[in-house]
Structures are given as structure tokens and as C-alpha cells.
Amino acid sequence: MVTALAATNHVAMADLKGKVEPDWCPGCGDFGVLAAVQKALVELQIPNHNVVTISGIGCSSNFPGFINTYGIHTLHGRALAVATGVKLANHDLTVLVTGGDGDGFGIGGNHFVHNMRRNVDLLYIVMDNQIYGLTTGQTSPTSRLGMKTKSMPFGNIEAPVNPISLALAAGATFVARGFSAEQKHLTDLIKQGIQHKGFSFLDVFSPCVTYNHDNTYQWFRPRVKKLEDDSGYDPADWMAAMGKSLLWGDEIPIGKFFERTDVPTLHGAEPVLDAGPLAHADMPIPGDVTRAFIEELR
Amino acid sequence: MKQTFAIGIGGAAGQGVATPGDIFAKIFSRRGLHLNAYNAYQSIIRGGHTFLTIRTGPEKITNMGDRVDLLIPLNQGAMDRHLRLLTAGAACLYNSDTIKPGVAAEGVQLCPLPVSKLADITRNKVAQNTLALGAALSMMGVGFQALEEGLAEQFKKKGEAVVSENIGIARVGYEYATANFRPFTWPIPMTGNRYAVLSGNTAMAMGGAAAGVKFYCAYPMSPSTGVLHWMAAHARKAGIMVRQVEDEIGVVNMAIGAAHAGVRSMCATSGGGFALMSEGLGLSAMMETPVVVIDCQRAGPSTGVPTKTEQGDLWQMLGAAFGDYPRALVAPLDIGDCFKVIPEIFNIVDRFQCPGIVLCDLLLSEGRLSVDPQVLDFAPVIDRGELITNASSASGANGDGIYKRYKITESGVSPRAIPGIPGHTHTAASDEHDEYGVLISDEFTNPTKRRAMMEKRMRKVAGIEAAVPPPVLWGPRDADVTLIGWGSTKGVIEEACEILTEQGISANQLQIRWLVPLHGEAILDILNHAQHTFIVENNYSGQFARYLRSETSFVPDGYIRKYDGEPFMPHHIVEAVKEQLSGKTKLSVPAHEILV
Numbered sequence: 001m002v003t004a005l006a007a008t009n010h011v012a013m014a015d016l017k018g019k020v021e022p023d024w025c026p027g028c029g030d031f032g033v034l035a036a037v038q039k040a041l042v043e044l045q046i047p048n049h050n051v052v053t054i055s056g057i058g059c060s061s062n063f064p065g066f067i068n069t070y071g072i073h074t075l076h077g078r079a080l081a082v083a084t085g086v087k088l089a090n091h092d093l094t095v096l097v098t099g100g101d102g103d104g105f106g107i108g109g110n111h112f113v114h115n116m117r118r119n120v121d122l123l124y125i126v127m128d129n130q131i132y133g134l135t136t137g138q139t140s141p142t143s144r145l146g147m148k149t150k151s152m153p154f155g156n157i158e159a160p161v162n163p164i165s166l167a168l169a170a171g172a173t174f175v176a177r178g179f180s181a182e183q184k185h186l187t188d189l190i191k192q193g194i195q196h197k198g199f200s201f202l203d204v205f206s207p208c209v210t211y212n213h214d215n216t217y218q219w220f221r222p223r224v225k226k227l228e229d230d231s232g233y234d235p236a237d238w239m240a241a242m243g244k245s246l247l248w249g250d251e252i253p254i255g256k257f258f259e260r261t262d263v264p265t266l267h268g269a270e271p272v273l274d275a276g277p278l279a280h281a282d283m284p285i286p287g288d289v290t291r292a293f294i295e296e297l298r
Numbered sequence: 001m002k003q004t005f006a007i008g009i010g011g012a013a014g015q016g017v018a019t020p021g022d023i024f025a026k027i028f029s030r031r032g033l034h035l036n037a038y039n040a041y042q043s044i045i046r047g048g049h050t051f052l053t054i055r056t057g058p059e060k061i062t063n064m065g066d067r068v069d070l071l072i073p074l075n076q077g078a079m080d081r082h083l084r085l086l087t088a089g090a091a092c093l094y095n096s097d098t099i100k101p102g103v104a105a106e107g108v109q110l111c112p113l114p115v116s117k118l119a120d121i122t123r124n125k126v127a128q129n130t131l132a133l134g135a136a137l138s139m140m141g142v143g144f145q146a147l148e149e150g151l152a153e154q155f156k157k158k159g160e161a162v163v164s165e166n167i168g169i170a171r172v173g174y175e176y177a178t179a180n181f182r183p184f185t186w187p188i189p190m191t192g193n194r195y196a197v198l199s200g201n202t203a204m205a206m207g208g209a210a211a212g213v214k215f216y217c218a219y220p221m222s223p224s225t226g227v228l229h230w231m232a233a234h235a236r237k238a239g240i241m242v243r244q245v246e247d248e249i250g251v252v253n254m255a256i257g258a259a260h261a262g263v264r265s266m267c268a269t270s271g272g273g274f275a276l277m278s279e280g281l282g283l284s285a286m287m288e289t290p291v292v293v294i295d296c297q298r299a300g301p302s303t304g305v306p307t308k309t310e311q312g313d314l315w316q317m318l319g320a321a322f323g324d325y326p327r328a329l330v331a332p333l334d335i336g337d338c339f340k341v342i343p344e345i346f347n348i349v350d351r352f353q354c355p356g357i358v359l360c361d362l363l364l365s366e367g368r369l370s371v372d373p374q375v376l377d378f379a380p381v382i383d384r385g386e387l388i389t390n391a392s393s394a395s396g397a398n399g400d401g402i403y404k405r406y407k408i409t410e411s412g413v414s415p416r417a418i419p420g421i422p423g424h425t426h427t428a429a430s431d432e433h434d435e436y437g438v439l440i441s442d443e444f445t446n447p448t449k450r451r452a453m454m455e456k457r458m459r460k461v462a463g464i465e466a467a468v469p470p471p472v473l474w475g476p477r478d479a480d481v482t483l484i485g486w487g488s489t490k491g492v493i494e495e496a497c498e499i500l501t502e503q504g505i506s507a508n509q510l511q512i513r514w515l516v517p518l519h520g521e522a523i524l525d526i527l528n529h530a531q532h533t534f535i536v537e538n539n540y541s542g543q544f545a546r547y548l549r550s551e552t553s554f555v556p557d558g559y560i561r562k563y564d565g566e567p568f569m570p571h572h573i574v575e576a577v578k579e580q581l582s583g584k585t586k587l588s589v590p591a592h593e594i595l596v
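Chains A and B, in that order, give the protein sequences.
For the first sequence, the numbering used here assigns the number 1 to the initial residue and increments by one for each residue that follows.
For the second sequence, the numbering used here assigns the number 1 to the initial residue and increments by one for each residue that follows.
The hints are simulated quantities; they were obtained by calculation from the structure and are not laboratory data.
A virtual CB, placed ideally from N, CA and C, is assigned to each residue, including glycine.
One thing to keep in mind: the hints can contain errors.
[What the hints assert, rightly or not] Here are the simulated distance ranges between beta carbons:
no.	chain 1	residue 1	chain 2	residue 2	range
1	A	V289	B	P189	31 to 37 Å
2	A	V289	B	D120	43 to 49 Å
3	A	N162	B	P470	56 to 62 Å
4	B	N390	A	N162	41 to 47 Å
5	B	F444	A	Q138	23 to 29 Å
6	A	E228	B	D324	50 to 56 Å
7	A	D262	B	S116	35 to 41 Å
8	A	G268	B	T389	20 to 26 Å
9	A	A12	B	S411	48 to 54 Å
10	B	G192	A	D262	57 to 63 Å
11	B	P447	A	A159	42 to 48 Å
12	A	G276	B	D557	56 to 62 Å
13	B	F322	A	N162	32 to 38 Å
If we strip away everything but chain B, and leave its shape as in the complex, we get (with noise of 0.2 Å):
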């Protein structure tokens, strides 16, 4: 099994768990350590309660693990909450001024810090999350160095004061640690590697970025506000319109609007702004204007649980929008596939003129991960299709001198002039309409023209199946269990695999990142050789399966899924497989043990 160390901190929202987590953050990635960091909260500014938990290590770190090594309660409610989790070998850190420690197992070390004697806590109100920062690192065997340079980054704003103030603090607690408590048997290591933090909202953003976005808009919605943000704060230097508009419809067509203008444009939103979104994707792919719609999904239906992770909206984007039209819908894989993914459907979309979905949720959306730069390709491949942007390129001139902006082709893609060239004036409709761009329902409503002009952009869907990649099985391919997910499962499910073959069950996996096209007869060859199949994912009805069943007859042997807000940890998925191969049940919803 892979070393790695994870640190829980519990409190209510305010209290200030998100500081010490970024300060953890920074100096693990600053020893060249991956990280994984998840924050599970509420939809609440002030109170309630949040646990973050940050894991690291110096292999990838790809989900937020089974175990908590050290447990920093920020109040009386997170320690009565979190301490039954930690087992041998683990440690919690608390202010015994305010907190009461319960009950730990056998193995655990309790570690009080009596805070009002340490700090003078009538200036400091956080002199607590302080100490246990400096007291913590004590134990994980980091060198004090590391913290002051976090800390003074991290409080350089506030002043020099303020500075100093907490690197004093840091020290008493990080001292007294070194006297009081023992050191953690594994000490964090180092390596020479240097990696980038991010977000997935700030990864799918600097991805469309990278692929030349010139106009994103949003309505803030949790989970994907981040993009926004991100865009917001980097728009005037990467040259991007950033617009905040009145409602999802607005931001679609907004979107929509500056496409057909000839930019590339992008949007984010939540499941409840998608559905809002849904006909202006329809006007996309009747228009055939490119346009990308990120869907950060959370737990519905509804406002459901706004800050809840969920892969419950798969059929709201096979769904979306009424009629029939070519689409694109792809779920990244994880944090760093979240930038990558942006460029990628940016040239299908651009090729094929339609619609594109970046299928998300909030586990990637707002968990952050160690990321290796060179993921970050600020040059990717452009490919922008048939566009004509101006009058000399090669245009849609046709036998009579007339652009047919619809021009019926082999593939179903017709050339693309943007507004403002000379001999290319057309109208682009949502009606129905010809080769010019006039509206059949202005003359009669042909039906032999709109069975044409309905093949015509229906034959992109087989063009835009053989642009994208079939997925590929990882592991044994004569493994005992091949474990079967989509998106964001992909590290808790690698994990799953790591633990059942070291428990003598061999796994393999199948994740798959293009939902549509699906490539169902690659996923069949695949599957028709697998021992026992099992599907995984975040919702309750098993919208996957369900999905994979009506392209390609497949029905796995068992489902394992889960739908209380919380992601997957590896043991949920270890044991239920076991409890399947043991013929208890075909459907295993595991219980989620952190009380948050």
C-alpha cells in the first residue's frame, strides 16, 4: 500500500479551517508531495460544519482515502464528531481549553494544547488553529522554515504585525509539540518535484484559457462558481469577456450570441441553471453555433444539497433540449482532465458545430489536487473547423454566387461564415430552414427539405464518433472484478483496484470520459471478456448503467452506488465488491462513516 498521510480539520464555517488548509497545502506541494484535498460543508457563510481533509504523499494522490491520520478539532462538535475515526498510530490535536476529548482507540494519541497559556488568545482570536499548525508540522517531522514562508505568505496583506504575531504562535505550539507529544512514525518526506494546487473550477477556467475562449458568462451557482471567478480575476490579462448575467437563459444565449460572432465561448452552471440552459442548447445545435456548457453537478433534485457532490444529472444531459441533435458530453476524469478536457471539446464543437457538455460535479469542481505543470498546456492543438472568417478564405461560393450557410454535405458540416463578411450575409433560425438559411415554414413546410436538412446535421454524429477516443480497460484484462465507472470516480476506483489485488482479488478498471459518443461496441468487446462486472457511481437510480444498458444490452453483475452528498471512499468500494462476490446482494450502497 502507497504511504500516505491525511489530516482532518474540523469546525464551523467561520471558524477558520480553510487557512490551515491552505497552509498544509502549500508546504506539502512546496516538499514536492502530491495532495488531495476535500472540503465537505454547507450552505451556510457562518456556522454548522465543515471537515476538510487533506491527504498527502510523494506518489499521485488521487481521492481523499480511508484514513485520518491526524484530527485537528476547531470545536467540541468536530472532536465528538471525528474522533471515533482515527485508529492507531493517529493523533488528534485540541484546545484543551474548550474541548473535551471522548473516548479514542487503543493506539491513538491525544494531544492537548492548553491555548490560553501558549498564546494570548484576547489578541489572537485564532491563536488555537495556530498552535496546532506549528504543533502539527512538529510531529509530522517538517522543519519549522517551512511554516514561517507559508505563514508569511499566507498573512503578507495583513501587514508585518501581523505576520510576526503568528509565526510567534506557530513556534510555541510547534515547540511545544516537540516537547509534549510523539512524532508520527512515518515523517512527511521530500522530493525534487514541484507541483501546481488547483481546483477542477480552476482548471476547466484556465483550460478554456488555454483553448482560446474569448467570452465566458455565468450566473453564480454552486458548485462551478469557481469558474467564474477565476475568469473574473484573470479575464483583462488572458483577453477574455467575462459577464455575469441575469439568469441562465441569459447566459446561454449570451454565450450563443458571441459564438456565432466567431469567438470561442464558454459557460458554467449547476444542474438547476442547466435545466434553464436546455433550449438554448437545441438553438445551438439548430443554429450549428459551437458552444461548451460545463454542468457542475451536485446532489438533486431541486436546490437539493447545494454543496453536496452527485452524479445524478447524466440524463438531464442526454435529455436536454427536445428534437433530435448532435451533441458532445464528456466527463473529466479528474482535476488535471479538467483543464484538458476544455481544448478537446472546444475543436469537436468548432468542427462539428454543435453543442458540447463538460460533464463535472463537486468533488472535482471545488476538491483541489496536486497537478504536474506540464499538464497545464497553455499550447494545446486549435482546430476551429470550416470557419470563414473573412471574404478571401476559402467560402461556401456557390453556382448560383450565393453562400449557403447550410450547405448540404457529406459529413454535415458546412463551411461557417462569422457576421461582418462581404457576400455572406444569411440568417442563422431555430425554425427549420434550407440551405440559405430561409425558413421552410416561410415557404411550406417541405418535408422532403427538412428530412434532408435533419440528415444533414445528424450524419456530424458520425463524424464527431470517430474524432473521439474509445476508453481503454486498465489492469489485468483477465482480472476477477472489473470495476466500471464514469468521471470522477476514476481515482477512488483505481485506489479500490490497488487494495482488492493486494487482498488477493485482482480488479481492473473501466472509466469512462466521452459519455456521448459512447463507443458502446468498444465497452462491449471490452466487457464481454470481464470475470465480474460491477458499475460505480454517485447517484441512486444508477443513471449510468441505465444508460449503458439501452446503447448496448450490457447488464453488469452487481451496482455499487451511493447518494448521500459524500464522494466514494476506497474501502466503501473494496467491501462491497467482496459483498457481492459473495453472493449477499447485486446492489451495494455503502454507509458514509464521517458524520458531516
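Okay, chain A solo, but in the shape it has when bound (with noise of 0.2 Å):
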């Protein structure tokens, strides 16, 4: 949901800086993200102190401490849960979820999977670098079969998830795909995630220029195809987009697989809210209602 702006208040990327400097390896794919999204919040115009940017642990869910909006860094796999009380308290606020591969399809799977087919409406950005870089080498649930890491030096035997399927299998209502290389079409992502009602997630290849030699910006580089240049591609189809999404070799979709519009938010369902965020609600109930609650008991 993006929030009113005031009249006077214009938002600038200096608004959005951080407190301290990024700290990922020079190269990072995660340097890429950090900017487009910055940039869709000046495009959008949304105030910082009505975002809350929400993540997991690992090098990408460091993120939060370098934009300057609101911020939750909570525990590996469980932005996702945070990011559903946060948005169920207060429905007002913008709601980024930004993390990694491991984070989200590992350890969080389980949030995953259950805050899609709540459609909860905020926007969450995987940086999937196929491979755990802060615990230093790790084979992640996206590592390719076959990949060599220090915790399966002699191959991968584990087929990978497919992100995308499985946001489509789970009933998410905006399903997307960028490349950190290409800046403007992530922004333009971005910006569609967030103005999407609902649980939109965009699946970012963010290479890891330390531990991942495999998938790297030049193995990326001639296998992406950007769906949006595909005239023909229709992103409601979701047939279409499970088609899609089982692309993967010499070419590589990127952009929106699938939107759809006509199912009710988490937050739009819950008549509770209808009167406004809970955040902002008086704490006593009315007294019928309580002395209602008592005589029920006896």
C-alpha cells in the first residue's frame, strides 16, 4: 500500500541514506538492490518514516541499517512473520521484506509459503545469490545440482528449489524476477511490487562475487530475457507464468511472471480493521461489550 504524501514533504535519495555505509563485498549484487529501491522510493514519493524495511539474517539482510526508513533486523528465516504483525498492526505502513535465499526458502520456508497464500500485502525482495556468503560458502537451497561448496565439496546432490513455481504454487498475487545488473528495470519492479495490494515477491539474482563462481554477473549476463520484451507474454495468465517459470538454461526469464488483482489483502479481509489500524485504536472496550463478554458466564 503506498501511503498519502504530504504536499510539502519531498522525498530525495539523501532522505533514504543510512546510518552507516554498506559493508558487502565490493561487487555485491546487493549494492544494486539497496539503490533501486531507494530510487522506486523517491519515483513513488513515499515518506521514509511511513516504510518499515523488515529482514531476516545473512549479508543481504543487512540491509535495513543502510536505508534510512524504519527497520526490523529480526532473526535468520522470520521477516516474514515480523513483517505480518507489523503490517496487521498497522496497515497504514509501507511493508518491505528484504532478505536472502537461505533465509527465506531454507530456514523460513515454512513463513514462505503461508504469508503467500495469506497475501499479505507488502513487498518481499529475495537477493538470491544461490549460496550462503556471511556463514562463508555454504551450498543454499538455489545452489544448481552439481555445485561444489565447502559444506558439499564434492557436488551438490540436492535438487534446488524453484522460487518462482513455488510463489506460484503458494497463491502469490504478484510473482517477479530482476537481476541486479539492471537497474532500471528492478526499480520499475520495485516500484510495481509495492503499489501491487498484496503479497508481491520479487526473486532477485544479486551474485555473490565472493563464494558463488558459478552464477556470476557474466554467467547471467546472455541468459537473461526480459518477459516484458516479449509482446505476446500475458502476466495474468498464470499458466503462462508456471510456464515460465521452468526456464532455466540458455535463457532466463526476468521480469513480472504473473499479477492478479482480485483477491482481498490479509488486512482488507479482517473486518476488525475496517475502522483503521490498530496502532492508532482506543485500548478500553466499550463497557456493553464487556459487561456482554460476563454474562455470557453465568
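Grab the two chains, each in its own frame, and use the hints to assemble them into the complex.
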């Protein structure tokens, strides 16, 4: 949800600069994602105090510290659970969730699936580098078959998860994939994801220059093909999106796979929130209501 | 000894033990009587054996008691298991078509009901229950009208025909008993009071509503699920967002998210779910976001005995989440206290921005008690502490103009801004951070800052201790015996003290409600003056005894423990005290005589 902008406050890039500089490795894909998020918030003119950026644990989950919004740096895998609580307590806030593939698809897999089916209104950006970086290079849920890492030195024998197919199957109402080296395209996807009313899932190829020597910028560049360049592609067609999600090889689609706007958001489906965000609600319950609660017991 | 009357109804799950129980409870409470109900049951939906005890009387009834005055076995198994509990003056009402009585003790009245002669059992499958209800009330000296009203209310939703059929059957039972059975010597009295009857789970849920909880979430787990059920059923009237979540890890983190956004937020579970929440408690402590978690203990370890009571989670609560952090831990003393404790602990966690745990157990969660409606105060004091909810309220405005969420203060409490307020953006982190919320691992793991932040958070411990009252001794200070308990054993220990005193052994009671902070010095002041001290608790290893010793070095004269899944009965404690006073043992483990 996009919060209405006070006419006098112009949001500039400088407003969104975090208290500290990012400490990612030089060349890390996450720099591109951070810049694209900041650009998207400026282009949408969303004041930083109405944004909450929520992450789990991992290199990419250090994100909230590098952007000047409200932020929560939660536990490993738990960002979506915390974010759902934030959104339900105050649905006027724009909620961004940022994290990595291990955080989201591994330890946080249960929350990933269930919050998509709930259609919680937030944008979930996964900086997917197909490796565990902060723990210095182990196999992740998206590491390719055969990939050699410190935890699987003889090669990965487990098939990777397909985040796009999984999101489609779980009922996400906005599913997209970006590439951190495609700034303009990525910024546009982030803007669309923020504006979408419901669960927006954005998987971003964000290469790890230190630990993943398979899925590098050079590896991705010739392979990524924008769905937006295919005039015949209809992101309203779920079956077509599922088909595209299975493409992996010489051609890897990026862009908006799927969007539907006819599903109510979780907060929109709950009449308790009709009177406005709970964070601003009166605490005492009216006396006639509480008297009725007690009368039931007699 | 106070006058009480207890009914035991036994049968298979699905045979309709609950309905007569509910009707008895309603009739007693409307006569202005107190009551306590406890249902011993198993983790199956149909079959097995359940045994419901309802004890009533004009004075407060704090536990299930020692005696069954009226037994209603709904099948042969219930007859075989429980007839031996009855002593002189008691009676047993049973369906003589299907159940053969065993040998009863002298003075026990066996009351056979020829069910197929009295009712058309092809039409009404639970005719035996309704006949027994009618017969029982006749023998108790309760007018039929009360039962007529009770049945009408119970079957209202099923239509007029069902109501009148049941009233008809009940009347036959009532009249049959009047003609054929001897009434009880103590007719059930009536007073002008009118109590509310509720379970501990309902009480805690209502206490949450009273405290201003706006977000409640849970994963179903016995015996805590009743909290979810009340919350879900009343959410829209009370303005509470209630969610069922995929697992307890999601539960605690979602609750923390809601709390961080500014609402009072609560969740409940049992030991297994609490284990999953453990890391989340540390998050609440580190982010300094207040959240209240209820743990309804059941018999462990692991899946354990899911429908049985125990006080076996204490050390899990004390050790939950790694690292040192401030927390509040309270064990409600009875079902009325289950209500009162929730607004209290919310004020503590809001003021000190830390997690709070309510340590309940199955006995209170699923037991039912008559409570004076005055206890259910929906306008308690609400203190949200140093919470910044709009830009103009006293903020953490600092010299440099940047809000310090984790400002170092003398109290350890830093003013907390909720998201959405201009000028207060910050990140709350599970990583150690500085006053601004910046991760210290993002610059260098600064030992000076780390120490300062640890000390800031831990300074809140002293504040919490000052905000929570120390325990007090109940009964004569110079008594022969001091019984020490915590949480739900309050009622049964109280009655044990009364019985001991009547038998010439004066007894007093120290019941611990706040476990963290414990107020060890105040406890020592009391116990150092005691004659013979015994710690009574519902677990194997003496978890509270070990905790008290670790905090105060206090060692009692003896221990009374029970870990068979069933609660203490007063005579268990009385006999254990006598056994220990005679020097036979220092550890008594009473056997539970009721076969459930």
C-alpha cells in the first residue's frame, strides 16, 4: 500500500541514506538492489517514516541498516512473520521485506509459503545469490545440482527449489524476478511490487562475488531475457507464468511473471481493521460489550 | 470443615459427559453457589475414559476436594473404576439396563435407573444422562424448575421439540428418584450471590481483552487452545486481530511484529510450542519490544501426556533463549487470577520493554471456577511506559537531532517510538547495536559499547523487581508447618492447611506468584522464621525447590511432589505432611487413587 504524501515533503535520495555505509563485499549484487529500492521510494515519493524495512539474517539481511526508513533486523528466517505482524497492527505502513535465499527458502520456508497464501500486503525482495555468504560459502536451497561448496565439497546432490514456481503455487498475487545489474528494470519491478495490493514476491539475481563462482554477472548477462520484451506474454495468465518459471538454461526469464488484483489482502479481508489501524485504536473496550462478555458466563 | 458436595461423572469421550456437567455447573452457580470443575480426559475424540468432577458449596471452592458424594457412571468401566471412591453417605446413580454395580462400601446408596422402562431409548441416545440429571437434582433437594431452565438453555439451538423431549425425560428421572431413592442429608443450599463460571483459558483471554490486547495469534496446542477459541469468537466485538499461524515460531515473531508497530500483543502455547518460541523471546528482549507469551503447562517431556497437568516447564521458562536478558515470569494462582495477571504483566513489559511469560497449567487452563464478576475488571490501570506515538510527544530528541531508540538511561528504559512517526526512523535489531540502533558488528564489535548496552538492558531488572510486590505469608506466622507452593497449587494447599489445622497441626502457606523477579530476600525473611517447611509441586525433580535454592540457598525440611498427570487432592498433602513430621521420609509422592 502506498501512503498518501504530504504535499510539502519531497522525498530525495539523501533522505534514504542509512546511518552507515553498506559493508557488503565490493561488487556484491546487493548494492544494486539497495540503490533500486531507494530509487523506487523516491519515484513513488513515499516518506521514509511510513516505510518499515524488515529483514532476517545474512549478508543481504543487513539491508535495513543501510537505508533510512523504520527497520527491523529480525531473526534468521523470521522476517516475513514479523512483517505480517507489523502490517496487521498498522496497515497504513509500507512494508518491505528483504533477505537472502537461505533465509527465505531454507530456514524461513514455512513462513514464505504461508504468508503468500495469506496475501499479506507487502513486497518481499529476495537477494538470491545461490549460496550462503555470511557463513562463508555453503550450499543454499537455490544452489544448482553439482555445485561444489564447503558444505558439499563433492557437489550438491539435492535439487534446488524453484522460487518462482513455488510462489505461483503458493498463491502469491505478484511474482517477479529481477537482476541486480539491470537497475532500471529492477527499480520498475520494485515500484510495481510496492504498488501491488497483496503479497509481491521479487526474486533478484544478486551475485555473490566472493563465494559463488558459478552464477556470476558474466554467467547471467547473456542468459537473462526480459518478459516485458515479449509482446505476446500476458502476466495475468497463471499457466503461462508457471510455464515460464520452468525455463532455466540458455534463456532465463526476468520481469513480471504474474499479477492478479482480484484477491483481497489479509488486512482487507478482516473487518476488525475497518475502523483503521489497530496501532491507533482506543484501548478500552466499550462497557456494554464487556458486560455482555461477562453475562455469557453466568 | 466447610460444606461441599461433589459429583463425579465418568464415561467414554463422546458419551455426553460434558452436557450434564455444564447443566450442573449452571444450576449451582445460579443458586449462588461456588464451584470448581476438573475434567480428567485423554487425547482422543471418541472413546477412552473421562471423569468430570464438579464440587460445589456456599463458600469458595478452590480445588476438586477429596470426596465424591454422587457418582454417575455412564458405562460399566466408569462404575468399575470409581465405585470404590464412595464412602458412607454417598450415592451412585446408574443405568441398571447396561451397568452392573460392584460392591459398594457400607452406607453407600446404590440407585439403579431402569432406563428402558423410563424412556424411549430408541429415540433418545442420551436418555440415561438426562434421567440421571433429573434423579440427581431430586436427591440433592433442588427444585425441578432449575433443571427445566437449564435444559431449555442447553438445547435451545436444537429446537422446541428437543427441549421438551429432554425436559420430559428429566422429569421422569426426577420423579422416579423422589419415589425410590433416599435424598442426601445435606440439601444443596441457595445464596443471593451470582457468580460467573469460567476456565483459566477464558479468563486469560478476557484478561488480555481488558489489558487492551489488539493482536493475538496462536497455533493450536492443548491445553492452551481455549485462549485462541475465546479470542477468535470475540475478536470482532473486542476489536482484536486474531490469527492462527503456521507454527509457534511464526506465532511469536508475528506477535513481536505487531507489538513493534505499537499494539499490545499476546500469544499462548504449551511446552512444545514454547520451545519453538524460545529464540523469539530473545528477539523481544534484544529489540526491547514487549510481548506476552502464555505457557499452559502439560505433562512432558516431548508430546508427553497432552491432556494432563504438570508444573514441569519452570526451568524451560528460566532458561528460554540464550544470553542474559530481563524478563518477567508470573504463575497465576487460580482462575480468577488468570484474568488479573494479564493486565498486570502487560504494564510491566510495556514499562520495561521486555518479554513477559505467564506460566499457567492445564489444571487452571481447562478447569472451571466460579468467580465473582467484580474480579473481571475490564477497566484496569493501563501503563504503556515510555512510548512515543506521535511526533509531538516527548521524544528522544537529542543534541544531534537524531533519535536514539536505545538511549543509555539510568533506568535502562529508552523511549520507544513506533513506526510511522516523522523524525524517529531507526532500525531495531536482533544483533547487538549502539544507542542509535546501528549494529556494532557493522563497524567493529566494540567491547565498550557492547558492555554499555548489556548493562543498560540489565538495569531494567532492578526496575522490574521494584515494580512487583514480594510474596506474603498466609496464616499464623508461628504455625507448626509452612507449605510452600507456586501457581496453581494455591487452592489445594490452602485446603490442606485448613484440614491440618483442624487436626491439630497448625499450618500456614507461602504461595509464589511472581517467579521472576523472585524477591529472594523477602522469601528468606519469611522462611527463616518457619518451623517445618515443605515445598509442594506438580513435577518430578522439584523444579521450584531447585530454583529457590539456587537463588537463596534455602533448603526446606521436605518435599511433596506429584508427576502422574493428575492434580493434588488435599488429603495427599495432609498425609504427606504427617508422614514427614513423623520422620519417615523427606520426599513424599502421593499416589492418585482415581483411575483416569
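Results of checking the hints against the structure:
1. Distance hint for V289 of chain A and P189 of chain B: a CB-CB separation of about 34 Å, consistent with the stated range 31 to 37 Å.
2. In this structure the supplied range 43 to 49 Å holds for V289 of chain A paired with D120 of chain B, their Cβ-Cβ distance being about 44 Å.
3. A hinted range of 56 to 62 Å for the beta carbons of N162 of chain A and P470 of chain B is consistent with their spacing of about 59 Å.
4. At roughly 46 Å, the beta carbons of N390 of chain B and N162 of chain A sit within the given window of 41 to 47 Å.
5. For F444 of chain B paired with Q138 of chain A, a C-beta distance near 25 Å keeps the hint of 23 to 29 Å intact.
6. Taking the beta carbon of each, E228 of chain A and D324 of chain B are about 53 Å apart, inside 50 to 56 Å as hinted.
7. Taken as a hint, the range 35 to 41 Å is violated for the pair D262 of chain A and S116 of chain B, whose Cβ atoms sit roughly 60 Å apart.
8. About 24 Å separates the C-beta atoms of G268 of chain A and T389 of chain B, a value consistent with the hinted range of 20 to 26 Å.
9. A C-beta distance of roughly 38 Å is found between A12 of chain A and S411 of chain B, which places it outside the suggested range of 48 to 54 Å.
10. For G192 of chain B and D262 of chain A, the Cβ-Cβ distance of about 59 Å falls inside the hinted range of 57 to 63 Å, so the restraint holds.
11. The given range of 42 to 48 Å is respected by P447 of chain B and A159 of chain A, whose C-beta atoms sit roughly 45 Å from each other.
12. The supplied range of 56 to 62 Å is met by G276 of chain A and D557 of chain B, whose beta-carbon atoms lie about 60 Å from each other.
13. Take F322 of chain B and N162 of chain A: their Cβ atoms lie about 35 Å apart, and the range 32 to 38 Å holds.
Checked against the numbered hints above, the structure breaks hints 7, 9 and satisfies the rest.
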